[in-house]
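Asker: The chain contents come next:
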Amino acid sequence: MSLKYTEEHEWILVEGDVATVGITHHAQDALGDVVFVELPEVGSSFEQKAVAGVVESVKAAADVYMPISGQITEVNEALRGDPSLANTDPLGAGWFFKVKLSDASQVNALLDETAYTAFAASN
Amino acid sequence: MISVMVLLCPWRFQLSADTALLNTPLNALHIELGARMVPFAGYSMPVQYPMGLMAEHHHTRAEAGLFDVSHMGQLRLVGPDAAAAFESLMPIDVIDLPVGKQRYGLLLTDEGTIIDDLMFVNRGTDIFVIVNGACKVNDIAHIQARIGSRCQVIPMPERALLALQGPKAVDALSRMVPGVEKLVFMTGASFDWQGADLFITRSGYTGEDGFEISVGNDQVDAFARALLAQAEVKPIGLGARNSLRLEAGLCLYGNDIDTTTTPIEAGLNWALQKVRRTGGARAGGFPGANIVLGQLDGTYPLTRKRAGFIAQERVPVREHVELHNLQGVKIGEVSSGLLGPTANVPVAMGYVDAANAAIGTVVNAMVRGKAVPMTVSAMPFVPNRYYRG
Chain Z
550 MSLKYTEEHE WILVEGDVAT VGITHHAQDA LGDVVFVELP EVGSSFEQKA VAGVVESVKA
610 AADVYMPISG QITEVNEALR GDPSLANTDP LGAGWFFKVK LSDASQVNAL LDETAYTAFA
670 ASN
Chain U
158 MISVMVLLCP WRFQLSADTA LLNTPLNALH IELGARMVPF AGYSMPVQYP MGLMAEHHHT
218 RAEAGLFDVS HMGQLRLVGP DAAAAFESLM PIDVIDLPVG KQRYGLLLTD EGTIIDDLMF
278 VNRGTDIFVI VNGACKVNDI AHIQARIGSR CQVIPMPERA LLALQGPKAV DALSRMVPGV
338 EKLVFMTGAS FDWQGADLFI TRSGYTGEDG FEISVGNDQV DAFARALLAQ AEVKPIGLGA
398 RNSLRLEAGL CLYGNDIDTT TTPIEAGLNW ALQKVRRTGG ARAGGFPGAN IVLGQLDGTY
458 PLTRKRAGFI AQERVPVREH VELHNLQGVK IGEVSSGLLG PTANVPVAMG YVDAANAAIG
518 TVVNAMVRGK AVPMTVSAMP FVPNRYYRG
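Each protein sequence line maps, in turn, to chains Z and U.
Anchor point for the first sequence: position 6 equals 555 in the working numbering, and the numbering is continuous, going up by one each time.
Anchor point for the second sequence: position 176 equals 333 in the working numbering, and the numbering is continuous, going up by one each time.
Same shape as in the complex, but just chain Z (with noise of 0.2 Å):
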């Protein structure tokens, strides 16, 4: 399964009925250096498009949202105790959580790489 993006320049890997989510490239360099993150609780669920947690920089805050509707199954506690990991291996090390889908339908309509580069390089 390849990656799949949203217009909130989040990244997402789906695997079977669990998706793992993270920030983009673009959106860790938009921010500058992360120095705390708030993850949502494991059990929790959100609708798609909620705001499930923050990502903040010295100089700025920004929401992250749920890019599909589910729940959450686990969270980054790695990233939590190190934020800078989602600037330094943003689709890897500094993922923010997984999330069980509860309509495996919405991922369809999310963004292919070659649509977020484009979406990213005109915002």
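It should be emphasised that the hints constitute simulated quantities derived from the structure, not laboratory data.
Please note that the accuracy of each hint is not assured.
[Stated by the list, open to error] Below, simulated BS3-like cross-link-like pairs (lysine-lysine); rule was C-alpha separation at most 25 Å, straight line:
id : chain 1 : residue 1 : chain 2 : residue 2
1  : U       : K391      : U       : K339
2  : Z       : K598      : U       : K527
3  : Z       : K598      : Z       : K649
4  : Z       : K598      : Z       : K647
5  : Z       : K647      : U       : K527
6  : U       : K487      : U       : K527
Knowing the structure of chain Z, use the given hints to seat chain U on it.
Answerer: Then chain U, alone, in the frame of chain Z:
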């Protein structure tokens, strides 16, 4: 993440998108250096360079950082009555300031609130004034209207302004401009660099030792490039300027002081010399004196005060966050706040009712509906390292 780009410059005084931005004379250099440019005070300004805010902040505290602050307003007051006239606008001793000395000043409304904060130098032949970029048009109009008949008010748009800040600023600058090492904190003098006349003060907005350098628009690019060629010097953007000044406990006009705050509410009592206070030889005689001096001597109510805060949890607390007492009653609001890169804790300043402003008081900052306990703390959050000789 949708609002990331909007939040990149969270300070006020941004112009609407359809207003043309001005450029400083260093615009080409900023772009060449890879700066991220943002609107600030009507100018396109570098918020950070490729090194990034955090590294820029640490570099300034460890070595020397070069800031383009050419958006700020420079002006001269000229004439035998200039000092007395300028003193009529501020609760400050202008008349007795010796030649070569610099002082902090505050332009006040007739209600005693702050129109702008500024720095001025007695240069003997004139009073050299530096005001905030976002306020400069209003400031010059205000000064002209109030004292234009008593002295010449001469804006200096032909001059750029640089700040070189950090413990190694003196090493880098004295290599190019011998003699600057003899200046001490809050003094200034004229110097020459390759035919360019410089006016340099030993002052700044970071809490570090350092200099502010007024130089002609035509020479500033060459001068800045020569500074950047020094091993200690890196370019620093507005983002780090903000985190450095906040750690130093210094107010940002528009956030921490404005036309709703008086100098006493802002805790700027130190800026008011005794000669202008009740009982002083030239007491009062400035706009809003009854209110300002009344708040100082206790005859006029002081309902709120600016205070510093350190969070007990590692959660950044930003401007406009509400402050509550431990009973859950709102007592004030944060005016500036961020995770201090050197302090390595979330730091903030804000206004609370006077009963909750004592150092050691614990208050709750309401961040996204959750209480983050903060302790009222002395400022600066990082010790100042000014060079006093």
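Asker: If you draw a straight line from the CA of K647(Z) to the CA of K527(U), is it 25 Å or shorter?
Answerer: 24 Å, holds
Asker: Is the straight-line distance between the alpha-carbon of K598(Z) and that of K647(Z) 25 Å or less?
Answerer: 15 Å, holds
Asker: Could you grab the alpha-carbon distance between K598(Z) and K649(Z) and see if it respects the 25 Å cut-off?
Answerer: 15 Å, holds
Asker: Measure nothing beyond the straight line between the CA atoms of K598(Z) and K527(U); if it is 25 Å or shorter, mark the hint as holding.
Answerer: 22 Å, holds
Asker: Regarding the pair K487(U) and K527(U), is the alpha-carbon distance no greater than 25 Å?
Answerer: Cα-Cα ~14 Å, so holds.
Asker: Does K339(U) sit within 25 Å of K391(U), going by the straight-line distance between their CA atoms?
Answerer: The hint holds at about 23 Å.
Checked against the numbered hints above, the structure violates none of them.
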